[in-house]
Each structure stands twice: as structure tokens, then as C-alpha cells.
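Please build the complete structure, drawing on both the sequences and the hints.
2 protein chains.
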Amino acid sequence: MAETMAAVPNDVMERLRAAIDDNFNDQVAFLQKMVQFRSLRGEEEPLQQWLAAQFEKRGYKVDQFSLADVDLMSHPKAAPMDTIPLEGSRQVVATLDGGGKGRSLILQGHVDVVPEGPVDLWADAPFEAIVRDGWMIGRGAQDMKAGVSAMIFALDAIKRAGFAPDGRIHLETVTEEESTGNGALSTLMRGYTADACLIPEPTGHTLSRAQVGAIWFRLRVRGTPVHVAYSETGTSAILSAMHLVRAFQDYTAELNARAISNKWFGAIKNPIKFNVGIIKGGDWASSTPAWCEVDCRLGLLPGSTPAEAMKGIEQCLADAQKNDSFLSSNPAELIWSGFQADPSVCEPGSAAEAALAAIHERVFEKPLEDRMSTAVNDTRYYAVDYGIPALCYGPYGVGPHAFDERVDLDSVRKTTLSIALFVAQWCGLKAL
Amino acid sequence: MAETMAAVPNDVMERLRAAIDDNFNDQVAFLQKMVQFRSLRGEEEPLQQWLAAQFEKRGYKVDQFSLADVDLMSHPKAAPMDTIPLEGSRQVVATLDGGGKGRSLILQGHVDVVPEGPVDLWADAPFEAIVRDGWMIGRGAQDMKAGVSAMIFALDAIKRAGFAPDGRIHLETVTEEESTGNGALSTLMRGYTADACLIPEPTGHTLSRAQVGAIWFRLRVRGTPVHVAYSETGTSAILSAMHLVRAFQDYTAELNARAISNKWFGAIKNPIKFNVGIIKGGDWASSTPAWCEVDCRLGLLPGSTPAEAMKGIEQCLADAQKNDSFLSSNPAELIWSGFQADPSVCEPGSAAEAALAAIHERVFEKPLEDRMSTAVNDTRYYAVDYGIPALCYGPYGVGPHAFDERVDLDSVRKTTLSIALFVAQWCGLKAL
Numbered sequence: 000m001a002e003t004m005a006a007v008p009n010d011v012m013e014r015l016r017a018a019i020d021d022n023f024n025d026q027v028a029f030l031q032k033m034v035q036f037r038s039l040r041g042e043e044e045p046l047q048q049w050l051a052a053q054f055e056k057r058g059y060k061v062d063q064f065s066l067a068d069v070d071l072m073s074h075p076k077a078a079p080m081d082t083i084p085l086e087g088s089r090q091v092v093a094t095l096d097g098g099g100k101g102r103s104l105i106l107q108g109h110v111d112v113v114p115e116g117p118v119d120l121w122a123d124a125p126f127e128a129i130v131r132d133g134w135m136i137g138r139g140a141q142d143m144k145a146g147v148s149a150m151i152f153a154l155d156a157i158k159r160a161g162f163a164p165d166g167r168i169h170l171e172t173v174t175e176e177e178s179t180g181n182g183a184l185s186t187l188m189r190g191y192t193a194d195a196c197l198i199p200e201p202t203g204h205t206l207s208r209a210q211v212g213a214i215w216f217r218l219r220v221r222g223t224p225v226h227v228a229y230s231e232t233g234t235s236a237i238l239s240a241m242h243l244v245r246a247f248q249d250y251t252a253e254l255n256a257r258a259i260s261n262k263w264f265g266a267i268k269n270p271i272k273f274n275v276g277i278i279k280g281g282d283w284a285s286s287t288p289a290w291c292e293v294d295c296r297l298g299l300l301p302g303s304t305p306a307e308a309m310k311g312i313e314q315c316l317a318d319a320q321k322n323d324s325f326l327s328s329n330p331a332e333l334i335w336s337g338f339q340a341d342p343s344v345c346e347p348g349s350a351a352e353a354a355l356a357a358i359h360e361r362v363f364e365k366p367l368e369d370r371m372s373t374a375v376n377d378t379r380y381y382a383v384d385y386g387i388p389a390l391c392y393g394p395y396g397v398g399p400h401a402f403d404e405r406v407d408l409d410s411v412r413k414t415t416l417s418i419a420l421f422v423a424q425w426c427g428l429k430a431l
Numbered sequence: 000m001a002e003t004m005a006a007v008p009n010d011v012m013e014r015l016r017a018a019i020d021d022n023f024n025d026q027v028a029f030l031q032k033m034v035q036f037r038s039l040r041g042e043e044e045p046l047q048q049w050l051a052a053q054f055e056k057r058g059y060k061v062d063q064f065s066l067a068d069v070d071l072m073s074h075p076k077a078a079p080m081d082t083i084p085l086e087g088s089r090q091v092v093a094t095l096d097g098g099g100k101g102r103s104l105i106l107q108g109h110v111d112v113v114p115e116g117p118v119d120l121w122a123d124a125p126f127e128a129i130v131r132d133g134w135m136i137g138r139g140a141q142d143m144k145a146g147v148s149a150m151i152f153a154l155d156a157i158k159r160a161g162f163a164p165d166g167r168i169h170l171e172t173v174t175e176e177e178s179t180g181n182g183a184l185s186t187l188m189r190g191y192t193a194d195a196c197l198i199p200e201p202t203g204h205t206l207s208r209a210q211v212g213a214i215w216f217r218l219r220v221r222g223t224p225v226h227v228a229y230s231e232t233g234t235s236a237i238l239s240a241m242h243l244v245r246a247f248q249d250y251t252a253e254l255n256a257r258a259i260s261n262k263w264f265g266a267i268k269n270p271i272k273f274n275v276g277i278i279k280g281g282d283w284a285s286s287t288p289a290w291c292e293v294d295c296r297l298g299l300l301p302g303s304t305p306a307e308a309m310k311g312i313e314q315c316l317a318d319a320q321k322n323d324s325f326l327s328s329n330p331a332e333l334i335w336s337g338f339q340a341d342p343s344v345c346e347p348g349s350a351a352e353a354a355l356a357a358i359h360e361r362v363f364e365k366p367l368e369d370r371m372s373t374a375v376n377d378t379r380y381y382a383v384d385y386g387i388p389a390l391c392y393g394p395y396g397v398g399p400h401a402f403d404e405r406v407d408l409d410s411v412r413k414t415t416l417s418i419a420l421f422v423a424q425w426c427g428l429k430a431l
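In the order they appear, the protein sequences are chains S and Y.
Mapping of the first sequence onto numbering that gives the first Met the number 0: residues 0 to 431, in sequence order.
Mapping of the second sequence onto numbering that gives the first Met the number 0: residues 0 to 431, in sequence order.
The reader is advised that the hints may include incorrect statements.
When chains are identical, the list treats them as one kind, so a pair holds in a single copy or across two.
Said to hold, decoys possible - Here are the simulated EDC-like cross-link-like pairs (lysine to aspartate or glutamate), alpha carbons at most 16 Å apart as the crow flies:
{"hint": "1", "residue 1": "Lys-60", "residue 2": "Asp-96"}
{"hint": "2", "residue 1": "Lys-268", "residue 2": "Glu-231"}
{"hint": "3", "residue 1": "Lys-279", "residue 2": "Glu-292"}
{"hint": "4", "residue 1": "Lys-413", "residue 2": "Glu-360"}
{"hint": "5", "residue 1": "Lys-100", "residue 2": "Glu-86"}
{"hint": "6", "residue 1": "Lys-310", "residue 2": "Asp-384"}
{"hint": "7", "residue 1": "Lys-413", "residue 2": "Asp-155"}
{"hint": "8", "residue 1": "Lys-158", "residue 2": "Asp-20"}
{"hint": "9", "residue 1": "Lys-56", "residue 2": "Asp-70"}
{"hint": "10", "residue 1": "Lys-413", "residue 2": "Asp-21"}
Everything labelled a hint here was simulated from the structure, so no lab data went into it.
In this text the structure is predicted, and so the values were computed from the model without any measurement.
Here you go:
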């Protein structure tokens with residue numbers, strides 16, 4: 000596939016740029032509307048329905064389906080869904096196919112967002128999508144509704160400039176990126192493949208060269224509750240959980256010590272992150288707690304598999320319990336609660352990357368840099384499981400998963416141009 | 000008050016014993032009914048209404064009032080109620096006053112129970128009050144509905160045996176014993192005092208000689224959430240909370256090292272208990288948690304005051320935060336969330352204790368033993384604040400605050416006789 004491609008002519012680039020600029024107020028309003036949908040996990044459906052309607056309005060062929068409509072759990076890479084019903088997790092694939100001979104492309108973005116956390120810690124309301132000083136503020140504005148707006152408005156700009164892509168394009172909005180990846184996987188199982196894939200996650204205009212994998216697990220610890228007056232005869236599930244958390248912190252330090260020899264992440268300090276994201280336990284201040292649950296996330300590096308990482312987690316837990324007088328006979332329950340995500344590398348040298356690099360340099364007037372990502376994104380399924388070159392490249396923002404998450408709107412504009420030009424370069428354009 | 004009392008005649012004792020035995024099936028049914036009310040904190044009202052009706056049926060003068068009906072928060076010993084509304088916390092005081100010249104007595108028990116915890120960890124349903132092998136099983140069966148049934152049926156037995164107490168009796172069922180003590184305090188503020196008080200908590204037929212105090216506090220810790228990919232730039236509220244818990248564990252060890260010189264508790268190993276009873280934090284496995292709350296309980300010994308203990312807690316927290324790079328500039332919020340309970344000593348030598356000791360020896364054929372309690376009970380208000388000799392003495396059971404809590408029904412029967420005889424001894428009886 001690495002044949003030389005003719006560069007997109009300058010005048011086409013300028014027509015696309017003008018179309019994006021002309022339409023940018025609408026794009027910002029569109030992005031605001033998206034952010035105003037509080038599309039937490041399991042609550043994405045209203046936004047997906049709205050997006051499907053937007054795609055239909057544009058004349059795209061729209062396929063809406065849920066995770067229950069594919070035989071999801073038969074796939075070896077499907078991750079456990081915890082308590083989220085498959086039926087309610089809707090995917091949208093809009094197809095533009097003018098029957099041209101150009102290469103095909105998947106443009107994909109996720110619409111699920113992580114919880115906003117305590118609202119009083121935000122300076123602005125997290126779902127109002129306030130625009131101030133060139134930023135749009137809100138949960139999901141950066142991660143990754145800005146990128147979704149960019150891929151949609153890139154195609155709009157191509158049409159507005161008087162062109163159509165010369166290859167088949169699947170424009171996809173998916174769920175579950177923040178928890179399992181099953182949304183992306185389901186689109187592939189539904190049959191949507193292409194010659195390349197671009198996912199405009201907020202990479203700050205870098206190419207995500209390599210990314211970690213991640214495992215989600217829940218520890219369900221029991222205790223023997225007694226009145227605090229006799230606390231030495233009971234065992235606190237909360238203190239047992241703290242013991243296990245410390246064991247996983249130590250284990251993570253060991254993993255990171257070994258990581259210095261990793262081909263991709265050797266230069267990154269502590270690339271493997273262990274996170275205790277949620278904790279809940281106990282019912283009464285004066286009773287030793289009978290139960291405690293902790294939701295954890297542990298990364299893994301290219302060169303290792305989720306199965307190996309899960310085995311390591313099991314071993315760490317077993318070791319931590321072995322010498323504990325209570326846990327050795329009352330082991331914590333280990334629940335695989337989401338991500339079983341492969342690490343993934345965007346192998347250098349693909350034609351898709353060459354096309355993106357050329358385009359990026361024209362838009363930003365500097366070379367495309369890559370970066371190692373200590374987070375997970377959906378490109379792994381395309382690259383690892385379906386052999387589709389998959390690029391993760393998108394706008395700049397600050398505070399993914401944090402308070403006061405925001406995206407730089409000028410960056411969104413430039414990313415939209417990058418994507419439009421990438422479509423032109425990769426698929427080719429034909430005049431309308 | 001330590002004048003010599005004539006012993007209750009043997010034939011009176013036997014008539015009381017027979018009356019209790021004759022009525023014991025009804026007492027067990029009554030206790031079952033009480034246990035079947037799930038009278039968790041804030042949910043005691045249906046049980047209190049039912050009890051008030053039972054007292055009215057017996058012809059007692061019944062006063063029902065809520066914590067909002069006394070000027071509770073004006074009292075220096077009132078403890079914070081957290082989110083529980085004063086209006087919904089109902090107290091019941093039934094008075095029997097035949098105008099006799101005997102000593103007056105308060106018989107008091109609490110009807111609030113602690114949460115049952117995960118039901119799957121119980122062998123039997125926690126609110127069915129199953130009777131098996133001489134035990135009644137259920138949350139609150141032991142702590143302390145058995146004692147409440149004993150004080151009610153002791154008075155029933157006196158009547159059934161053809162007598163009436165010769166002194167005024169207040170039969171009281173209160174709330175809030177497990178969280179603040181405000182129920183007991185409100186009865187005193189309402190004007191109910193007497194020459195002695197007996198609280199039949201499940202002491203296993205011992206006299207609670209000295210008891211600790213307790214402080215409840217909540218630590219509300221914040222964090223700076225970020226995507227786990229950048230966890231080194233955020234701070235986990237859960238890990239910060241764990242840091243503070245460890246600091247309080249160390250502080251408790253210091254307090255216990257000093258406790259060996261305590262007059263009452265010097266011989267008890269680690270009499271000061273620190274408990275983390277409830278923990279909640281975070282919203283997402285892959286975000287560093289922005290918030291974590293822990294509900295804690297710390298004991299204090301006779302010779303110290305709640306104010307001193309609270310100052311110690313503040314100092315421990317300040318010290319733990321001082322050297323932490325995040326907490327030093329983002330200190331946890333410290334919330335006084337319930338108990339600010341005085342430690343209390345049942346001073347030896349009272350006439351009330353002498354009466355109880357004499358009675359106990361006749362019922363159980365062995366001397367009354369005392370014990371040091373590392374838990375709190377309501378006697379402290381009577382003893383510390385109102386100068387009323389207050390005895391804590393009641394039945395035997397296992398598992399207060401634990402799974403499979405149960406009370407020994409034969410012990411309930413004997414305790415009922417002890418209480419009936421104590422009323423006879425303390426107040427005197429007159430023939431009906």
C-alpha cells in the first residue's frame with residue numbers, strides 16, 4: 000500500500016480551509032450540543048440517536064445497532080460489560096459510498112464520557128459547554144467530542160468545497176471506549192472494515208505511536224463485622240482492601256522497574272499505571288465493615304498480553320493474601336469488570352501514516368511527532384485484530400477525565416482541516 | 000441512699016418467676032415482633048408507634064415526643080445528627096405511678112439497630128427473628144430488643160403476680176443510642192428523672208462498671224482527578240484517605256500505649272478502638288478519584304473528655320497532612336458526624352448497685368461480676384450529667400453488630416426475673 004500519492008493541490012486545500020472556516024460557527028454549536036448530552040456509560044443513546052439523525056440529514060446511509068445485535072460475547076476480545084445491558088449500548092455507522100475507486104477509510108470516535116465527579120469542584124457547569132477565551136469547557140469536550148465534530152465537519156467541508164470522497168467512508172460513533180472497547184469491536188463484527196482507520200482522540204496533533212493495554216478488575220473483600228468494642232475479634236474489610244491496594248502498588252513498582260527494557264516505553268518513567276478508581280465499603284461507623292469493593296485499573300505494555308497481565312494480577316492477589324491471617328482463608332473475590340485491552344503499536348511505515356504526516360506538515364508547518372500513550376484507545380482492534388492501519392490523531396485540550404476539561408477551539412478547526420485533507424489524500428476527491 | 004433494704008421474700012420471687020414463665024411464649028412473640036421491625040437509624044418510628052400502643056394497652060400513661068420537641072441542640076451534650084431529621088426521631092416514655100412512697104426508677108432501652116450489612120452473609124434472614132435451639136436470631140435481637148422485652152415483661156410479671164411497684168417507674172424506649180445518644184438525652188431534657196436507672200443492654204449478666212466514650216468523625220478528602228494515563232499529575236483522594244487512616248491507626252496505638260496507666264482500663268489490652276466503618280470514593284476505574292469520604296470512630300477513656308479527644312483528632316489530622324505535598328495545601332474536611340460521648344464510670348457503692356447485686360445472686364446463684372466496656376451506652380447521661388445512679392445490666396447473646404446476631408432466650412427469661420426482682424427491691428411492691 001505504500002505507493003507514492005500525489006499531494007492534494009494547494010487550491011483544494013484552500014477551498015477546504017475556507018469551507019471549514021465558513022462553517023466553523025455551526026461546528027462549534029454542533030460540538031456544544033454534543034457536550035450538552037450527558038453521555039455517561041450506559042446513557043449514550045439519546046446522543047447517538049441525535050447523531051444518527053444528523054447523519055441522515057446529510058444523506059448518509061445510517062446503520063444503528065446495539066451490542067446485542069452482534070454476537071459480541073462470542074468474540075475472544077470482547078470484554079465483560081459488568082452491569083451495563085448490551086441492548087442499550089447503541090452504535091452508529093454512517094456510510095458515504097459514491098462508488099469511487101479510491102481507498103476506503105473509517106473515521107471513528109467515541110461518544111461515551113467519564114463521570115464528571117463532584118460538580119462543586121468544577122469552575123463551570125460540566126455539561127453546559129461554555130465557550131470562553133477560545134476554549135470549550137465541559138466533560139467530553141476534549142475526550143472526545145471535539146474529535147467527533149472534526150471528522151463530521153471535515154466531510155461537510157469536502158462537500159461544501161464542491162467535492163466528494165472517491166473512496167468509501169464509514170463515519171462511526173461508538174460507545175464503551177472508556178470501559179471495554181466493545182463499541183469499536185462491534186462495528187468490526189458488524190462488517191465495517193476499510194483500508195485505514197483514523198480516530199481523532201485528543202492527542203494534541205501528535206500520532207499515538209504505541210499505547211498500553213489495560214485491565215479493569217474489582218476486588219470484593221469481605222470482613223467479619225463485629226461491634227467496634229470487640230474489633231480485635233472481627234476483621235475490617237476496608238483495612239483488608241487497603242492491604243491489597245498496597246500490594247498492587249508494590250507490584251506496579253516491580254512492573255515499572257522491568258519496563259525500562261521495553262522497546263516502546265523504556266524511556267517513559269513509570270509507564271504502567273495502577274489506579275484505584277472507586278471504593279465503597281461498610282455500613283456503620285461503629286461496626287467493623289463487612290464488605291469493601293475496589294475498582295482498579297492496571298496497564299500493560301506492548302510485548303505482553305491481557306491474559307498474561309490477568310495472570311499477574313491473580314498472582315499478586317494470591318501472594319498478598321497468602322500471609323494474611325484473615326484473607327488466606329477468606330480470599331477476596333476477583334471480578335474482571337471491563338477492559339481486557341491489548342497494548343498496540345502503530346507500526347511505522349504505513350501508507351496511511353505517510354499520508355497523515357504529509358498533511359499534518361502542511362497544516363501545522365511542522366513535522367508530525369509521535370508519542371507513547373499510557374492510555375488505551377480503540378485503534379487496537381483495527382491494528383491488532385483486523386490488520387487495518389489505524390491512526391490516532393486529534394485536537395489539543397487539557398484535563399481529560401479531570402475537572403474543567405476543555406478543548407482548544409482553534410486546534411479543533413485545524414484538526415478538521417487535517418482530517419479533510421487526509422480524506423482527500425487517502426481516498427482521493429472527485430468534483431461534485 | 001445506701002440504707003439497708005429488706006430482701007424480696009422468697010415467695011414473692013417464686014410468684015414473679017411463675018408469672019414470667021407463664022407469659023414467656025408471649026414475651027418471645029413480642030420480641031420477635033420487635034425484631035421484625037427494621038428499625039435502623041431514622042426508621043424507628045413504626046416500632047416506636049407500635050410500642051406506644053402496647054404501653055397504652057397496659058394502661059400506662061404514654062408520652063411520645065420527637066427530638067424536635069425538646070430544645071435538643073441547646074444542650075451542651077447534644078451530638079450532631081448528621082443528616083437525620085430531629086422530627087422523625089420519636090421517643091416513648093410510659094409512666095406507671097401508683098402514688099407509692101417507694102423509690103423511683105427509669106427502665107430504658109434503645110430500639111435503633113445498626114445496619115444488617117450484606118444479607119448474603121447471614122445464615123438466616125436478619126429480620127425474620129427465627130427461633131432455633133433456644134436462640135432468637137436477628138439484627139437487634141441481642142442489641143438490645145431482648146433487654147427491652149425483659150423490662151416490659153418484668154413489669155407485666157409484677158402485675159400478673161398480683162403486685163404493683165410502690166415507686167414511680169418510667170419505662171422508656173429511645174432512639175439514637177448507636178449514633179449520638181440524643182434519644183436518651185432528650186428524655187432527661189423532657190423532665191424524666193428518677194432515683195436510679197437500669198438499662199438492660201446485653202452485658203451477659205454482668206454490670207458494666209466503666210465504659211469508654213466515643214467520637215464519630217468523617218474525613219472528606221479531595222483529589223485532583225486526571226486520566227490515569229497522567230496519574231502522576233493528579234492526586235488520588237482514595238490514596239490520600241488511606242494515608243490519613245494509617246495516621247489514625249498510629250495515633251490509636253500511641254493512645255493505647257498511654258492507656259496502661261488508666262484507672263479503669265489499664266488491664267485491658269488496647270481499650271481504645273479506632274474504626275473506619277464506611278468508605279466511599281471515586282466515580283470511574285480509569286480516573287484518579289476526586290473525592291473520598293471515610294466515617295471513623297475513636298474511643299476515649301475515663302479521665303478524658305470528648306473535647307480533649309476531638310482536639311487530639313484535629314491534631315492527628317493536622318500532623319498527617321503537614322508533610323503531605325497535596326494534603327498540606329488541600330486539607331481534608333473534618334466533620335463531627337455523631338457521637339461526642341463521655342466516658343462513664345458506674346461508681347461502686349451505690350444502693351442501686353447493692354440492690355441489683357443481691358438480686359442477681361439470687362437469680363443466678365453467683366455473685367454479680369462487673370466488666371469494663373469498650374463500647375458506649377446511654378447510662379453516661381444519667382450518671383455524668385444528671386447524677387442518677389445508672390446500671391447497665393442485661394441478657395447474654397452473641398454477635399452485636401455482626402452477622403447472625405442472636406440472643407439466648409433462657410438468658411432473656413432470667414434477665415426478666417432479675418429486672419422484676421430489682422423493681423421489687425428498689426421501688427418496693429404493693430399488693431394489688
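If any of the earlier hints don't hold here, list their numbers in rising order. Numbers 5, 6 and 9 - these are the hints that the structure violates, sorted from lowest upward.
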